[in-house]
Each structure stands twice: as structure tokens, then as C-alpha cells.
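**Q** As a plain string of letters, each chain reads:
Number of protein chains: 2
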Amino acid sequence: MHIITISREFGSGGRELGKRLADQLGYVYYDREIIAAIAQRSHMDTDYVENAIERPIWQAPSPTFRHSFATPSLFQSEQLNLLMEQRKVLEEIAEKGEDCVIVGRNADVVLSEYGPLSLFVCANMEAKIKRCRERAAADEQLTDKQMTQKINSIDKNRAKVREMITGSKWGDRAAYDLIINTSGWNLKELTPAVADFAQRWFARK
Amino acid sequence: MHIITISREFGSGGRELGKRLADQLGYVYYDREIIAAIAQRSHMDTDYVENAIERPIWQAPSPTFRHSFATPSLFQSEQLNLLMEQRKVLEEIAEKGEDCVIVGRNADVVLSEYGPLSLFVCANMEAKIKRCRERAAADEQLTDKQMTQKINSIDKNRAKVREMITGSKWGDRAAYDLIINTSGWNLKELTPAVADFAQRWFARK
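The listed protein sequences correspond, in order, to chains A and B. Read the first sequence against numbering that gives the first Met the number 0 and you will find it ends at 204, with the numbers running on by one and no gaps. Read the second sequence against numbering that gives the first Met the number 0 and you will find it ends at 204, with the numbers running on by one and no gaps.
Bear in mind the hints are in silico, worked out from the structure with no lab data behind them. A couple of the hints might just be wrong.
What the hints assert, rightly or not - In silico contact screen, one side only, chain A against chain B (beta carbon under 7 Å); selected entries: (1) 121; (2) 172; (3) 176; (4) 178; (5) 180; (6) 192; (7) 195; (8) 196; (9) 199; (10) 203.
Quick reminder that beta carbons are idealized off the backbone N, C-alpha and C, glycines included.
Make a model of the complete structure from these sequences and hints.
**A** What follows is the structure, encoded as C-alpha cells:
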């Protein structure tokens, strides 16, 4: 069984690369399916789960909870439960034994014992802004400065959640097998380059 | 003309990978040749030049010079001259128009206008210690702790020199096209994977 995990900067094209890699290699693709599975098991709304699970743990939505350090607030324990559920969903995916690509969810750390090929996808800010504008109409209204702030804020949150649940530093070269900068690449052309690399990686002796 | 630049953590196998890449792709390989060229032009000893050029600029060898902030010390201006000579040597290499692999010397930044494929090579500490012991008999005498200190100290120096002369952060994903973690790879098997990636990179539209 081969597992490819993808962490990525917002707007870098990591998700699209993951989807294309799965298509090219004939692997199963997991992304929002994971959140949907957690939502179903927890009898919650998918968007709500996504939001709750990606919130840095000290960011309780109500100020009432902010000073309760001794015991986790209701929101914190909800998040912890969702994160435990997420771990279970990821482990069940791995136990199926299918070749797969998993985007996000810190799957590289949760499933480290399965020896995944762990990719990190990044790009320069100009390329990320361009990609965001192309894929979301709402982003077209934002200035470059606002887009930069939005992208940095989403990535900062991803970094915090990763450190919180894994102790591993998001985007740090030590934590990944390959870091790919997509700036200047057409993802359609990049995909076979990464697919070849992945196949050689899994064939290593 | 295709230029591949390689920055690397000490002990990661970046130099060997560079040599193998050049062999496989039929590119010219530059590494210590650059230092030798600077030494020849400056009428200095190669080892002396290497040492002088890699010294963080504020580390004057004699305490006499440490407090002269206003004007560069003799050692500082010597280093600046050598760095300017290094820039010239790198530019002359690029102007030859040959396909080449250049290891070290922050060539990715100096030659950025030539659009090099900029690689960074890293590995986990265990793999780096193992590689160092295999290639240098002297390192066999050191404990793991001493080896870790040695490796970290060399890399810290490389990071300082890079920041000093380029303003770009050493080993930071934003500065490279591809960051390759060699842990668990046999470099002989890794080479064709990187060579394929490089060929696709240069063929991008």
C-alpha cells in the first residue's frame, strides 16, 4: 500500500496537484471526504466540523471560556473529540490498504507508521494570489494586500493546528520528504514529474 | 542553457547528488573548482580562500578588529573582495552557456537572472551523522552529540553567510524550487528521480 500525503500553503495548488496525482497514479483521493465522515459520525454539519477542527485550540469563540485554563472549555473538548475522530477516520483509511492521496489533516504525522510519502506544496505570494483569484469569484474583489493577509492568516492557522496536535513544525523541511514550489509550473505539467518521483520513492530499496 | 544549483545541509549528500546529477544529465559540474578559480586569481591558497569566504563577516579572527564597526576590518574587506571575485567567477560560468550543476556558493541567488533550477538538499540528523562517518575517518572518533554539534555549527555558518550576502533565508522553502529530503534514499536511486524532475522543469511551457 502506498500513501501520499499533501500539506500545502493556501493558494499553492496543493489540492489540485493531489487530485491530479491520484488520477494519474490510479490512487484513491481523500480530502473533504474525511471531514464529511467525521461530520456524519458526530451528527454535525460538515461546515461546522471543518471550522471547529481547524480552530487553534486556545481560540474559544466566546470570551467566557478564554480564562478557563485548568479544564478544557466546552469548545476545546469538542475540538479534541473531533480531532480524535479525525485520527480514527485516517487510521481506517490506512487500514483499508488502498493506494491513496490524502490532502491536509496532518495525515503525514497521524499515519507516519505507514511510511507515507509526505509532500509539502508551496508557491510565491504572487502565484498564490493569482490562483486564488482564478478559482474564487469572491477573491476577485480583494486587493493584493487583503489577499496576502487572507492567505497568511489561513496558513498561520494551519501552522498552529499542526503544532498543537503533532508537535511538528508546519512547512519546515525536516518534516517532509519533498517540498515542491509550484510557482511558474502548470499543474498539468507538474503532475507527471511528481508522479514519477513518487513511484521511484515507493520502489526504493 | 540549463543551470541546476544545489544548496545543502552538511552531511545530507547534496554534493554527491550534484555530482551524480551532472554525470547522468551530461552537465558540467562545479564545486571546488570555483574556490580554486578565486584562489588562483587572488594569488592565495585554496584552503585559505575557502575558510575566509565562508567566515561570517562579523567574525574577525583577531579581537583587535572586533570593535571596528565604522569601517570594515582588513579581514572583512578581504572577505568582501573574495565574495566579489566569487560573483565574477559564477557569472563567467553562466556566460559560457553550458548546462551545468553548481554546488554551494549561493549560486541560485547570484545567478537568479539565468533562471536556474534551485534545489535544496536536507536529511534527518541520524542519516547525516551516518553519512559523515562513512566519508571521513576523523568523524568516526566523534560521539553522536559531537557530530550533531559539528553539523549544526557548519549549517549555522552557511545560513549566516547566505543571509549576509543575499538577504535570502537559507533552507527556507520560499527560496528554492524543490527541497529534497535524502533520508532513507540511496543516492544512486534518487539521482534519476531528480534528473527526471529537472528535465521536466526545464521543459515547462
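**Q** Against chain B, is residue 121/A within 7 Å by beta-carbon distance?
**A** holds, 5 Å
**Q** Under the criterion of a CB-CB separation shorter than 7 Å, is residue 172/A in contact with chain B as hinted?
**A** holds, 5 Å
**Q** With a cut-off of 7 Å on the beta carbons, see whether residue 176/A makes it to chain B.
**A** holds, 5 Å
**Q** Does the CB of residue 195/A sit less than 7 Å away from some CB of chain B?
**A** Interface hint status for residue 195/A: holds (5 Å vs cutoff 7 Å).
**Q** Is the interface hint satisfied for residue 192/A? The criterion is a beta-carbon contact with chain B at less than 7 Å.
**A** The hint holds - residue 192/A has a Cβ within 7 Å of chain B, the shortest such distance being about 4 Å.
**Q** With chain B as the partner, please determine if residue 178/A meets the hint condition of a C-beta pair closer than 7 Å.
**A** Holds. Min distance 4 Å.
**Q** Residue 180/A was flagged as interface toward chain B. Is the shortest Cβ-Cβ separation under 7 Å?
**A** holds, 5 Å
**Q** Restraint: residue 196/A near chain B, CB-CB cut 7 Å. Satisfied or not?
**A** Given a least distance of 5 Å, the restraint on residue 196/A holds.
**Q** Next item in the hint list is residue 203/A. Is there a CB on chain B closer than 7 Å to its CB?
**A** holds, 6 Å
**Q** Report holds or violated for the interface hint on residue 199/A, using the least CB-CB distance to chain B and a cut-off of 7 Å.
**A** holds, 4 Å
Comparing the model with each numbered hint stated earlier shows that all of them hold.
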